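**Q** Read off the chains here:
Number of protein chains: 2
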Amino acid sequence: MTDNRAESNGDRPARAKRLPRAVRERQILDAAVAVFSQRGYHAASMDEISEVAGISKPMIYAYLGAKEELFAACIQREATRLVEAIAGVVDESLPPREQLWRGIQGFFAFVADNRDSWRVLHRQAGTQGEPFAAELTAGRKRAISVIGLLLEHAAQAQGVGSFAEGQTEPLAAGLVGAGESLADWWLDHPEETPKAMSGRLMNLVWMGFGNLVQGTGWRPSQAEDAGLQRSDEVSA
Amino acid sequence: MTDNRAESNGDRPARAKRLPRAVRERQILDAAVAVFSQRGYHAASMDEISEVAGISKPMIYAYLGAKEELFAACIQREATRLVEAIAGVVDESLPPREQLWRGIQGFFAFVADNRDSWRVLHRQAGTQGEPFAAELTAGRKRAISVIGLLLEHAAQAQGVGSFAEGQTEPLAAGLVGAGESLADWWLDHPEETPKAMSGRLMNLVWMGFGNLVQGTGWRPSQAEDAGLQRSDEVSA
Chain A
724 MTDNRAESNG DRPARAKRLP RAVRERQILD AAVAVFSQRG YHAASMDEIS
774 EVAGISKPMI YAYLGAKEEL FAACIQREAT RLVEAIAGVV DESLPPREQL
824 WRGIQGFFAF VADNRDSWRV LHRQAGTQGE PFAAELTAGR KRAISVIGLL
874 LEHAAQAQGV GSFAEGQTEP LAAGLVGAGE SLADWWLDHP EETPKAMSGR
924 LMNLVWMGFG NLVQGTGWRP SQAEDAGLQR SDEVSA
Chain B
724 MTDNRAESNG DRPARAKRLP RAVRERQILD AAVAVFSQRG YHAASMDEIS
774 EVAGISKPMI YAYLGAKEEL FAACIQREAT RLVEAIAGVV DESLPPREQL
824 WRGIQGFFAF VADNRDSWRV LHRQAGTQGE PFAAELTAGR KRAISVIGLL
874 LEHAAQAQGV GSFAEGQTEP LAAGLVGAGE SLADWWLDHP EETPKAMSGR
924 LMNLVWMGFG NLVQGTGWRP SQAEDAGLQR SDEVSA
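Just so you know, the sequences run in chain order A and B.
Per the working numbering, residue 724 is the first one in the first sequence, and the count goes up by one each step.
Per the working numbering, residue 724 is the first one in the second sequence, and the count goes up by one each step.
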């Protein structure tokens with residue numbers, strides 16, 4: 724998971740000689756995500772971000788701009804990392820059930836390994852006014868259309884055509900909302916494992932309550948269970 | 724759906740002689756929700772709210788306070804109305820499937836009849852900073868625990884005990900998130916009917932994708948279909 728923004732700002736001055744610009748920018752963004760997550764946008768100070776990053780304030784301003792731009796850069800980077808974390812574990816050649824299970828595990832593994840990112844994305848970005856909320860909305864829309872396409876392919880692979888054209892997008896929107904809401908609930912219940920959380924979302928969206936209230940729950944098959952490293956085994 | 728706030732502020736001056744205070748407050752809040760929904764919190768002006776309500780600005784300030792308090796009162800009233808709209812159609816003596824179908828229809832009927840409320844609650848309250856976001860979070864938590872209890876009762880009624888203690892709450896959180904996300908999608912697709920939206924959420928959370936990708940979808944039974952008025956037949 725590299726930060727592509729680093730390359731795209733080549734016209735700004737590079738004052739640090741020791742480390743490549745991409746590394747410095749990553750350090751700044753890592754520190755900024757941690758400080759924004761802990762303090763919230765308004766209480767977060769550039770002084771603290773500078774201290775945590777070990778990089779001077781003038782250099783932060785030169786590289787990534789003032790607090791508002793820095794916050795926007797954090798949202799952009801973390802949203803991209805999240806989408807990449809999910810896309811990286813989904814393999815379209817697998818059966819739909821396993822694709823969904825992998826994607827869901829990828830999502831909760833990301834949240835487990837990047838609680839600060841999730842807090843900034845989900846709890847803070849939306850509360851800081853229109854420009855950030857718009858950036859977030861655009862990210863959600865991308866995620867929904869990617870997942871909608873996956874569902875469409877999954878149904879086509881089953882040869883049933885159960886989804887009329889354009890009908891997967893709202894279902895994908897529901898799935899994304901369910902995942903967000905469960906991850907939000909998780910912030911208040913940190914004792915729960917990524918696997919338990921993934922199992923809940925899988926039960927909800929794969930089995931449905933119709934099965935659950937009758938005692939028919941979902942359990943990963945051995946193959947599915949072995950298909951992905953557990954989150955606590957993945958290095959951050 | 725009456726506004727209970729009206730009775731609780733009896734210590735403020737009542738300058739209008741013609742109409743009872745509760746009626747005036749409702750007029751102010753109705754106007755405020757419409758103006759906030761159209762303009763957004765920052766662009767909304769007390770002048771316009773006063774004009775739409777047909778009530779003088781000094782009287783608005785005396786009854787419900789300045790813009791910030793008025794916005795908070797809008798969130799509080801609309802969240803309460805939404806929860807009441809759902810609770811009002813759910814009947815615990817019915818089978819779980821029908822309870823869920825009714826609750827889901829109640830939700831989308833409310834959003835259909837109160838687009839401004841939904842826009843203020845979901846798209847605006849969260850974007851206007853901590854105090855409003857906190858109020859919204861509290862409302863969501865109430866909704867989640869109510870729905871969690873319903874699910875628990877539903878499973879108990881089936882005599883299967885498929886949910887371990889405390890396990891319905893995260894599932895309810897997922898369900899609430901799916902509903903919110905679908906209703907949000909709906910704002911951008913206003914041509915969809917409340918019934919089509921309800922059917923999608925029901926398919927997602929009752930049937931699950933496991934059934935859907937195999938072409939096994941959910942359809943309301945005749946009894947379920949007759950159980951609730953369609954949204955466009957419900958008077959606002």
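In short, the hints are calculated from the structure, not lab data.
Quantities reported herein were computed from a predicted structural model and do not represent experimental measurements.
Treat the hints with care, as some may be off.
Just so you know, same-sequence chains aren't split out, so a pair can sit in one copy or run between any two.
[Stated by the list, open to error] Derived lysine to any residue pairs resembling SDA-like cross-links, with alpha carbons at most 25 Å apart:
no.	residue 1	residue 2
1	Lys918	Ser773
2	Lys864	Gly933
3	Lys790	Ser768
4	Lys918	Glu774
5	Lys918	Met782
6	Lys780	Gly763
7	Lys780	Val812
8	Lys918	Ala861
9	Lys864	Pro913
10	Lys864	Asn837
11	Lys780	Asp907
12	Lys864	Ser768
13	Lys864	Leu910
14	Lys790	His765
15	Lys790	Asp911
16	Lys918	Gly933
**Q** Does each hint hold? Answer for all of them.
**A** Hints, one by one, checked against the model:
1. Lys918 / Ser773: neither (36 Å within a copy, 53 Å between copies)
2. Lys864 / Gly933: between (29 Å within a copy, 24 Å between copies)
3. Lys790 / Ser768: within (8 Å within a copy, 29 Å between copies)
4. Lys918 / Glu774: For Lys918 and Glu774, the Cα distance exceeds 25 Å both inside one copy (35 Å) and across copies (55 Å).
5. Lys918 / Met782: neither (41 Å within a copy, 56 Å between copies)
6. Lys780 / Gly763: within (19 Å within a copy, 35 Å between copies)
7. Lys780 / Val812: neither (37 Å within a copy, 57 Å between copies)
8. Lys918 / Ala861: Neither: 28 Å inside a chain and 27 Å across chains, both beyond 25 Å.
9. Lys864 / Pro913: between (28 Å within a copy, 17 Å between copies)
10. Lys864 / Asn837: Classified as both; 21 Å inside a copy, 24 Å across copies.
11. Lys780 / Asp907: neither (33 Å within a copy, 39 Å between copies)
12. Lys864 / Ser768: neither (31 Å within a copy, 31 Å between copies)
13. Lys864 / Leu910: Both. Shortest intra-copy (23 Å) and inter-copy (13 Å) distances satisfy the 25 Å Cα cut-off.
14. Lys790 / His765: both (10 Å within a copy, 21 Å between copies)
15. Lys790 / Asp911: neither (28 Å within a copy, 31 Å between copies)
16. Lys918 / Gly933: Both. Shortest intra-copy (22 Å) and inter-copy (19 Å) distances satisfy the 25 Å Cα cut-off.
Figure legend: structure checked against the earlier numbered hints; hints not met, in rising order: 1, 4, 5, 7, 8, 11, 12 and 15.
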